[in-house]
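Q: Now for the letters of each chain:
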Amino acid sequence: MNRQQYLVQLLRNSVLLISLLPCLALAQALPNGVGFEDIPMAAYGVTIATALMGCIAGTLHRMSTLLEDRKVGDAPDAPPPALRYPKVFISSNILGGLMAGWLSFLTLTHAKTPSLLVQCGVLISAFAGAVAIERLAAKLYPNVKSQ
Amino acid sequence: MPIFLPNRVANMQPERKLFGLAKLYVCLVSLHTAWSLLAGLGEPDHVIVLTLTVLVVALGVMDAVVNDLLPAHFCAPSVFRWKYVIFIALGAGQMSLIYQAATSYRVDFSTLRYALDATAAVGVAVLDLNARWVARNESTAVPRSVA
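Taken in sequence, the protein lines are chains A and B.
Numbering of the first sequence is given in my numbering, commencing with residue 64 and proceeding in unit increments.
Numbering of the second sequence is given in my numbering, commencing with residue 11 and proceeding in unit increments.
Since the hints were derived computationally from the structure, they do not count as laboratory data.
Predicted model, so just to flag it, every value in this text is computed and none were measured.
Even for Gly, the Cβ is constructed at its ideal location relative to N, Cα and C.
Watch out, some of these pointers could steer you wrong.
Derived list of chain B stretches under chain A, where covered just means 3 residues or more per stretch with a C-beta under 8 Å from a C-beta of chain A [said to hold, decoys possible]:
#: 1; stretch: 88 to 95
#: 2; stretch: 109 to 118
With the C-beta cut set under 10 Å, the calculated list includes, among others, these residues of chain B facing chain A [unchecked claim]:
#: 3; residue: GLU25
#: 4; residue: LYS27
#: 5; residue: HIS56
#: 6; residue: ILE58
#: 7; residue: ALA102
#: 8; residue: LEU139
Just chain B, with the same shape it has in the complex (with noise of 0.2 Å):
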C-alpha cells in the first residue's frame, strides 16, 4: 500500500517540528535511562535489553529527524509505518525498569520518573496520529461554497 508522505506532511509542517523535537527527547531520555542503568554489568539479560533498546531509540531517532524535522521530501517509509510502535516500545522500556524495581521490593518516589517518560512517550504516539488525521481531514475538507 503506497504512502502519500508529501501531502500530508506540507499540510502540517510547523507541527511536525515540534513533533519531532519531543520524539528525540523521548528517544534520549530512554537511551540515557537505559544506558545509566543497565551498562557495564555485563549481565545477560540486561545486555540484550540494553542492545533492544539501542535498536529501537535508533529508529525513533531515525524517525524524528528524516520524518519530521527534515523537509518535507525527504521520508523513510518503513519507519513511518512502525513509528508508533517504536515509541510504544520505549515507554514499554521504561516500565520494564519500573517492574524490576517492584519485583526487587525497591520502588520508592523516585521510580514514579519512570512512569511519566513513559506516558511522554506514549503521548507523543497518540498525539502524533491525531495530529495526522485531523490534517488529512482538513486537507480534504470541501470548502464551502458563499452564496
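Looking at chain A on its own, in the form it has when it is part of the complex (with noise of 0.2 Å):
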C-alpha cells in the first residue's frame, strides 16, 4: 500500500468515526422516559427474528437478481454465473438487516408507533439496510465471478 491509498483509507475511516458521533449522542439520549424496561424479552426476540426475515428477503432478491438472469447477448447454454465471495455476501447482508431493523426498532419505540407498525418499519429497514450494506460491500468484493 502507497502513501496515497494509506491517506484515503485514513480520510475514509475518520469520515466514518466522526459520523458516529451524533449517532451516540442520540442513543445516549433513547432511553430517557421511554420504557424499554416494560417491554418483555419475547417481544425483543421476536423483533430480531422478524430483522432476520428481512435480511433473508434481501439476501433472496439479491441473489436472484445476481444468480438467476441471464442478460441480452449470453448463449441460451451459458454457464449460469456463481458468487465469488459467497461469505461476504451473506454476512454483509445480514450484518446490514440486523442493524438497520435495530434501529429502526429503537427508533419506532421511542416515537411510541403501535406495535404492529413497529414490526412493519423492522422488517422494511431491515430489507434496505440488507440490500445497502451488500451494494456497498460489492464494491470492494464484486459478487458474481463472471463481473
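Using the supplied hints, reconstruct the complex from the two chains, each of which is provided in its own coordinate frame.
A: This is the structure:
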C-alpha cells in the first residue's frame, strides 16, 4: 500500500468515525422515559426474528437478481454465474439488515408507534439495510464471477 | 435486465404446480389470520396493517397463479422479480401478531401457530429460489460425451 492509498483509507475511516458521533449522542438520549424496560424479552426476540426475516428477504432478492437472470447476448447454454465471495455476501446482508432493523425498532419505539407498525418498519428497514450494505460491500468484493 | 421466463419455467413445470399451491396456501392463511384478528376493530393501525396485508396477499396470489399455476407463456415480470420479498413479508406479518401478543403479555401455546405459518412462508421463498437455481444449472449442464 503506498502513501496515497494509506491517506485515502485514513480519511475514509476518520469520516466514518466522526459520523458515528451524532448516533452515539442520540443513543444516549434514547432510553430516557421511553419505557424499554416495560417491553418483555419475548418481544425483543420477535423483533430480532423479524429483522432476520428482512435480512433473508434482502439476501434472496439479491441472489435472484445476481444468479437467476440471463442477460441479453448470453448464449442459451452459457454457464450460470456463481458468487465469488459467498461469505462476504451473506455476512454483509445479515449485518446490514440486523443493524438497520434494530435501529428502526429503537427509533419507532421511542416515537411511541403502535406495535404492529413497529414490526412493519423493522421489516422494511432490515430489507433496505441488507441490500444497501451488500451493495456497499460489492464495491470492494464484486459478487459474481462473470463480472 | 430482461428475464427469460419461459426457458426457466419450462424446465421445472411439475414442481411449479406444487410451489404454486404452497404459495396459495401461505397467502390464504395470512389473509385469514389477519382478517379474523383485525377486521372490525376500527383502530387506525389495525386498518393500515389489514390494508397492507390484503395488498401483499393479492400480489402473492398473482405470483402463484400467473407465474406458477398457469402455462409457461403466462408471466407477470414485476411480481416475479419481487416474489421472495412478498412471501417474506407475509411471514413477517405473522411475526408481528406474535410481537403484539408478547407486548400485551398474552403469549401462550396457541401463539406458536403464527410462528409455524411464518416458517412456512420463509420456507416457500427459500425453496423456490433453490429450485429455480437447480433448474437453471440443469438446463445449462453440458452433456457428457460417451467415449
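Q: State for each hint whether it applies.
A: So, going through the hints one by one against the coordinates:
For the stretch 88 to 95 of chain B, the stated coverage by chain A is satisfied: 4 residues place a CB nearer than 8 Å to a CB of that chain, which reaches the threshold of 3. Counting residues of the stretch 109 to 118 of chain B whose beta-carbon sits less than 8 Å from any beta-carbon of chain A gives 6, enough to reach three: the coverage restraint holds. Look at B:GLU25: its Cβ only gets to about 16 Å from chain A, farther than 10 Å, so that hint breaks. For the restraint placing B:LYS27 at the interface with chain A, the shortest Cβ-Cβ distance is roughly 20 Å, beyond the 10 Å limit, so the hint is violated.
Nearest Cβ of chain A to the Cβ of B:HIS56: about 7 Å, under the 10 Å cut. The hint holds. The interface hint given for B:ILE58 is met, as the beta carbon of that residue sits about 7 Å from the closest beta carbon of chain A, less than 10 Å. Hint on B:ALA102 holds. Least Cβ distance to chain A is approximately 4 Å, under the 10 Å limit. The beta carbon of B:LEU139 comes within 5 Å of a beta carbon in chain A, closer than 10 Å, and the hint placing it at the interface holds.
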